[in-house]
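Line order of the protein sequences matches chains A and B. At position 125 of the first sequence (counting the first as 1) the number is 125 in the working numbering, and the numbers step up by one without a gap. At position 557 of the second sequence (counting the first as 1) the number is 557 in the working numbering, and the numbers step up by one without a gap.
You can take every hint at face value.
FRET-style restraints, in silico, Cβ to Cβ:
hint, chain 1, residue 1, chain 2, residue 2, range
1, B, PRO21, A, GLU118, 31 to 39 Å
2, A, ASP19, B, GLN434, 55 to 63 Å
3, B, LYS681, A, GLU118, 39 to 47 Å
Just some of the chain A residues that point at chain B, by a computed CB distance under 10 Å:
hint, residue
4, ASP39
5, CYS83
6, GLN85
7, PRO100
8, HIS123
9, VAL136
Think of the hints as simulated: they come from the structure by calculation, not from any bench. Idealized CB from N, CA, C, for every residue including glycine.
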Amino acid sequence: MKISVTINNKPVELDVMPDEYLAESLRRYGYLSIRKGCDTGSCGLCTVWLDDKPILSCSVLSMRTMGKRITTTEGVQEEAQECAQYIVDEGAEQCGFCSPGLIMTILAMKRELVNPTEQDIVHYLNGNLCRCTGYVGQLRAVKKYLGVE
Amino acid sequence: MRVVNSPVSKIDGMQIATGAPVYTDDLVNNALVIKLLRSPHAFARIKSIDTERAKKVDGVEYIFTYQDVPKKRFTVAGQSYPEPSPYDRLILDEYVRYVGDEVAIVVAKTEKVALKAMKFIKVNYEVLEPVLDFETAMNHSTVVHPEDDLEVNFDIGMQKEKNIVAAYKFEVGDVEEELKNCETVVEETYYSQAQAHAMMETYRAFSYMDHNGRLNVVSSTQVPFHVRRIMARALGIPKSTVRIIKPRIGGGFGGKQTAVMEFFPAFVTWATGKPAKLVYDRKETFSCTNSRHAMRIKVKIGSDKEGNIEAIDIEALSDTGAFGEHASTVFPLVAEKTLPLYNRVKASRFEGQAVYTNKMPGGALRGYGATQGAFAVETAINKLASVLKVDPITLREKNLIKVGEEHPILHGATTKPSALTSSTLDKCIAKGKQLINWDAKYPREIIDDDKVRGLGMAVTMQGSGIANIDTASAEIKLNDDGFYTLLFGATDMGTGCDTILSQMAAEVLDTSMDRIIVNSCDTDFSPYDPGSYASSTTYVTGNAVIKAAEDIRHQIINKGANFLGLAPESTQFEGGIVKSSDGNKEISLNEIAQRLSSSEGQDQLIGKGTFGSETSPPPFIAGFAEVEVDKETGQVDLINYVAVIDCGTLINPKLARIQAEGGLVQGIGMALFEDVIYTDKGKMATNTFMNYKIPSRKDIGNIIVEFEPSYEPTGPFGAKSIGEIVINTPPPAIAHAIYNAVGVYVNSLPITPEKILELGYPQGAYPKL
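So here's chain A without its partners, still in its complex pose (with noise of 0.2 Å):
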């Protein structure tokens, strides 16, 4: 089935299975930066903005995003760019298979939270896992980034 939507402020029109999901969907059209690291929407990899809000792609079906905007990583390289220098900066992205997605949600927190606690950025980031860090190295990361002390 053929759905129109908005990727990265373009109007694209995705020929789609009904069943298929929306992680399925990109990477076949090409958004490579989406990974998928589970099967239950657990961990966080896929996350993309659906109508500018933090979603597992792998957990929506492609259909049900017809009408609407969607970014990922590709749209938004310019600030996703000023993120992972902080990261990087830390080395903590590591393996870096995570790492989009953890961007993805990094920015949607920035647009959303007021003046973050870190118990608020570690709340906020909870369902992005990651197994080569152990997290620490991309708090201080983000703490710089947002410029929370």
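Fit chain B to the given chain A structure using the hints.
Frame of chain A, contents of chain B only:
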């Protein structure tokens, strides 16, 4: 040092962090999709298998069963040849040996078609009695590997009719006699669980035939050269027809030191000539690959009244599951990375076996037996301190190995006794003690009627590479415009080895890192390297890179001096310029490179270096835990974790810190909640992140990492390893902290609230000191 010992960012950091399509599944082109039909039984023989109806599904290209594959057994363990793991596998076998073992390979145009076709394959099984409890495997009526074509490269102590894959024994002095004479003996049995790697990128590979008729396999692997050898044996083709390419890897932790699935796409492509890909989903990654070996470890430690440890006796039983990957090599590290710490004993002994069961195979996981050993031996040492009523730090200070002292298995089982050449373990303990505020808080603080905080500690060691076996090479090529290409076969799985090896080359060549292109790994181009495992890359490949850089530096000076009409001895090479000692004449590297690549110079400069070590110098770590236990519920919260590390010189302090923090958190998961659990029918119950819990951001408490660098004389710029040792201390240190809080030693991992409550608080909730 200019570049070495500085916190350089990873050279690939910005690209991978912002979503660059550089991982295996991002590079696939027009490949057929493979799905695997898996066994629902823990042990069964396939009586018949009917694929006719499945083959008729539109879009299905091929279906292969055990009747279609080569009949030569192989191992998928990524180890240097001759592998100490048994050749006990076929691509597909008539017997299926665990729930999830592969039954058929379905190849289709899409995943959806493959999954649909799979439902139409009819398999008639003769269901057999499985071995599910590793403690009864040896005397079980079932033989997990009844076949007579199983091979071993050399004697590993296999008795397959008793399900024993491997056995190993080590003894110095008379342990029985010494233990009899000891005034205090602690004797305990510990259980260390199977742990999942849970790297974020699941296992995946794709393959295609190239223009020369060679098999190309692109794989997310830690061991490309071993995978090449494994593919060649599994398919019965020469190694020269196989090429393995490793792109970026999304984490490995040892899991990808085993070629768990590359042979499926490789077989399909070799058999059909068509490109094929296989991507494991998370369930398959949890339940059809490999995990840390579960073990039972019995420890006896004897000392005099003053706490001088006189004898240590360790007995280990390791559950290797359905296949023997890494079976013979993991469990000896239980002793090899614990006994040398307490080198002053009069006698020590280790005896162990690995046994087959009908469960998912064990394999390599960060720590590789040392982690299991550290939990058992360090907990027993802590217990000894409580029995003797001495501070566990004092007990260790009295007994730990010091620089210059020897131990027979300090560098692994295969080497001669040699001395410890670097250690600041005493300083690590002293600093950690201060950072955790030991003197004020040990053993406990009572918070309220329910909550108590306790402190615990442990020390551990690891190695740096496998002595006398693993040998790595590196090459550095001078390009025609005065920049370099650094080639090696170590595999950066997020660890940052591409960066730190480039730092080392830049240091020797007195250049900046942007003048060095790093390429790893393509078995057609890269010099041989066993791959990244056994804490080897910084130490083994690092030393090879230094040799290669020194080699090409020497060549550059010779060529530059020649162009200047001078003797090499009267020139020097600094900042990309060869100049005369008096400074009057000089020639730039750019000019040297350009003249060498013209008809005038006619020479391609390539520096090479190969390194293998007779020793495996141990890094050390002192870990300190502060936990809060709720006596009512048994809930344990980690409040603080302090780790002070001696990994020799820090090649890159920033990346070393992240390695440490990440490893500690994996260790914390292992201590408190990670557990691979099977049902009574042998099916893995923990095959998603919903039921196998890895630490999240909220589970880790406050983590403090510090370094006390020694200088290892055989190391690259004085460095030792860091990758594995960092996972080892949390299980014993947290177990100790819980004991100090509520008086209960839980001897089986993970230490869940249920286990604490089950033991109760026999000493009225607090241990008497």
